[in-house]
Amino acid sequence: MAEKIFLNIIWHMHQPYYYDSSRDIFTFPWVRTHATKDYLYMAKLAEQFPQVHMTFNLTYSLLKQLDLYRQGKTDLVWNHFMKNAKELNQEEKEYILTQFSLAPSKAQTRHFPFYENLREKAKHDLSDFSIQDWLDFQILYQLLWFDPITIQDNPNLSELIQRGKGYTEEDKIIIQRVTQQIIEEIIPMYKKLLEKGQIEITTSPLYHPIIPLLIDNWIANESSPGIQLPRYRFQYSKDAEVQIQKAKEVAEGIWKTKIRGIWPSEGSVCSTTVNCFVNHGFSWTATSEEVLFHTLGLPIVRDQNGLLNYGEKLYQPWLFSHEKNNIVIFFRDRHLSDLIGFAYQHFSSTEAVNDLISNLERIMNRLPKDSDPIISIILDGENAWEYYNNNGFDFLNGLYEALSQHSRIIPITPSEYLSQSIHRPILNRLSPGSWIYGSFNTWIGHEEKNWAWDQLFLVRKLLEKKEKELNEERKKEAFNILYQAEGSDWFWWLGSDNPSLQKEDFRKQFLLLLKTICDVIGEKYPGEG
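Residue numbers (my numbering): 637 to 1165.
If you're looking for bench data, these hints aren't it; they were derived computationally from the structure.
Please note that the accuracy of each hint is not assured.
[Unchecked claim] BS3-like mimics (lysine-lysine), calculated; alpha carbons at most 25 Å apart, straight line: (1) K759 / K742; (2) K1112 / K1160; (3) K1139 / K1111; (4) K874 / K1151; (5) K1112 / K874; (6) K1112 / K1151; (7) K1139 / K1101; (8) K960 / K949; (9) K1151 / K709; (10) K700 / K1112; (11) K874 / K1102; (12) K759 / K722; (13) K882 / K892; (14) K960 / K874; (15) K1111 / K1160; (16) K709 / K874; (17) K882 / K1111; (18) K742 / K801; (19) K1101 / K1111; (20) K832 / K892.
[Stated by the list, open to error] Cβ pair distances, simulated, as ranges: (21) T710 / P1135: 27 to 35 Å; (22) R938 / M718: 46 to 54 Å; (23) Q1138 / M637: 46 to 54 Å; (24) E987 / Q1138: 30 to 38 Å; (25) Q1138 / Q864: 36 to 44 Å; (26) E1140 / D789: 35 to 43 Å; (27) P861 / V886: 31 to 39 Å.
Just so you know, even glycine gets a beta-carbon here, dropped at the ideal spot from N, CA and C.
Construct the complete structure from the given sequences, taking the supplied hints into account.
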């Protein structure tokens, strides 16, 4: 039995790059909605438990967009919200009906019964949808996206929610003010926690690309032998290097501190990727348990309680040592991470907290006494909570309180742990893979995903050919758009594995980026679609 166990919680915060510079607007609202629901909320909640140390990974694409909102940029949903309900035309009404119905879960809407009534009414009969109904629908949809701490701290916002319907145009000003205030507070709040030493801040590659696939997208065949590969082999390690280097430079400029850790987009790694992290000054990274066990050639076997065989392999950092490059890798416990991400939303908050603590204690009891174990729980810090009651407040508050009081479970950041831990086993190679089943199949292999890689390749090849002819300004603009197009999210939504009503919108946004590159360099688009 281990005497104690360290807990490495990493909350990953990311959004695709939705800002369309050609139209000077965000095409999707998700940066703003998660800003008001999650980003400030997660930091404020952490602040209440100073003994609970944790890590926040904030991607450049998210931070850049938050800054654009701070400067006053808006999104299409927001513009339709602010439009006077009396002046809505038919096209605007149709947009509102589609976009303002996109509430992810019953947990998010059940405290807004009139919103649910209006959404149901819109499905059947719009003939008696009054101006007041349109106004209420506009406002209620925005109210869905505020966290419980913000609601409690803002009496005017709380009153709007309690009122439930019968809103006025003036009520929109309250929502506007609170939204802007939240966006202004996010970065200062994380800086405050960082300066207190409670959190560690990390980054991911610039626009969240799958780095191993930028280096060589045919590497997907190594983790999934026989996978259908794209027609063209995309091999641009230079792009991977830039996405890593610039992410570190920007992060250190924002946070005014050395960034030691990098969370690879979607936990995607290979040996070459990790060597790149070393070359750009990172001292640790993290990925999934599947990558570790594939590398070691061991099966992943868990008992009926989810306890892992070979747990001593997972619950320690490994030193990746290759060609004189050294970096520490933490490996995520998928079972525990997925309990938070997908299972505990169905539990009461007390049951969920007790179950997680019990899992941690059972792991601790099975590890050797002389070990110095660390369990890594890594997941999105934004998407899970809309499926929890009260935006996850009761669960997170209960969890942090339990961890604060537990004498044998010690929440810690990776850099804190590495400053006191010495012995680390060595890996000389790393099996390519991601935190999704240890493969890259979510971003390549399907006909639609492969189509996207081939479109990207054709434009990248054209840019390579034209690069020397471009002045610095145009070259910088073209490559910045290229790095956006290399982001993982465009490939994620294609295919059949991640169904979404907005799939076609994502495909169009991806194509727009590629075609904009061609416009910038003065060439005809060479691809299809």
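Hint check:
Using a Cα cut-off of 25 Å, the hinted pair K759 and K742 holds, with the two alpha carbons roughly 17 Å apart. Proximity of K1112 to K1160 is assessed by CA-CA distance (about 19 Å); at most 25 Å being required, the pair is judged to hold. A distance of roughly 30 Å separates the Cα atoms of K1139 and K1111; the hinted pair therefore is violated under the 25 Å criterion. As the CA atoms of K874 and K1151 are separated by approximately 22 Å, the hinted pair is consistent with the 25 Å bound.
Our distance criterion of 25 Å between C-alpha atoms is met by K1112 and K874, whose separation comes to about 15 Å. The suggested pairing of K1112 with K1151 holds, with an alpha-carbon distance near 16 Å, which does not exceed 25 Å. Between K1139 and K1101 the CA atoms are separated by roughly 31 Å; this puts the pair beyond 25 Å, and the hint is violated. Proximity of K960 to K949 is assessed by CA-CA distance (about 23 Å); at most 25 Å being required, the pair is judged to hold.
Proximity of K1151 to K709 is assessed by CA-CA distance (about 23 Å); at most 25 Å being required, the pair is judged to hold. Using a Cα cut-off of 25 Å, the hinted pair K700 and K1112 holds, with the two alpha carbons roughly 17 Å apart. Of the supplied pair hints, the one linking K874 and K1102 holds, its CA atoms being roughly 16 Å apart against a limit of 25 Å. Among the hinted pairs, K759 with K722 is consistent with the structure: their alpha-carbon atoms are about 21 Å apart, no more than 25 Å.
Using a Cα cut-off of 25 Å, the hinted pair K882 and K892 holds, with the two alpha carbons roughly 15 Å apart. About 21 Å separates the Cα atoms of K960 and K874, which keeps this hinted pair within 25 Å; it holds. Simply put, K1111 and K1160 have alpha-carbon atoms about 17 Å apart, close enough for the 25 Å limit, and the pair holds. For the hint linking K709 to K874, the alpha-carbon distance of about 32 Å lies beyond 25 Å, and the restraint is violated.
With a CA separation close to 16 Å, the supplied pair K882 and K1111 stays within the 25 Å bound. At most 25 Å may separate the alpha-carbon atoms for a hinted pair to count; K742 and K801 meet this at roughly 18 Å. Of the supplied pair hints, the one linking K1101 and K1111 holds, its CA atoms being roughly 12 Å apart against a limit of 25 Å. Simply put, K832 and K892 have alpha-carbon atoms about 14 Å apart, close enough for the 25 Å limit, and the pair holds.
One distance hint, 27 to 35 Å for the beta-carbon pair T710 and P1135, holds here, with the actual separation near 28 Å. The hinted range of 46 to 54 Å is satisfied by R938 and M718, whose Cβ atoms lie roughly 50 Å apart. Look at Q1138 against M637: about 49 Å separates their beta carbons, and that is inside 46 to 54 Å. About 34 Å separates the C-beta atoms of E987 and Q1138, a value consistent with the hinted range of 30 to 38 Å.
Between Q1138 and Q864 the Cβ separation comes to about 25 Å, which falls outside the hinted range of 36 to 44 Å. At roughly 39 Å, the beta-carbon separation of E1140 and D789 lies within the given 35 to 43 Å, and the hint holds. Distance hint for P861 and V886: a CB-CB separation of about 37 Å, consistent with the stated range 31 to 39 Å.
In terms of the numbered hints stated before, the structure departs from hints 3, 7, 16, 25, listed from lowest to highest.
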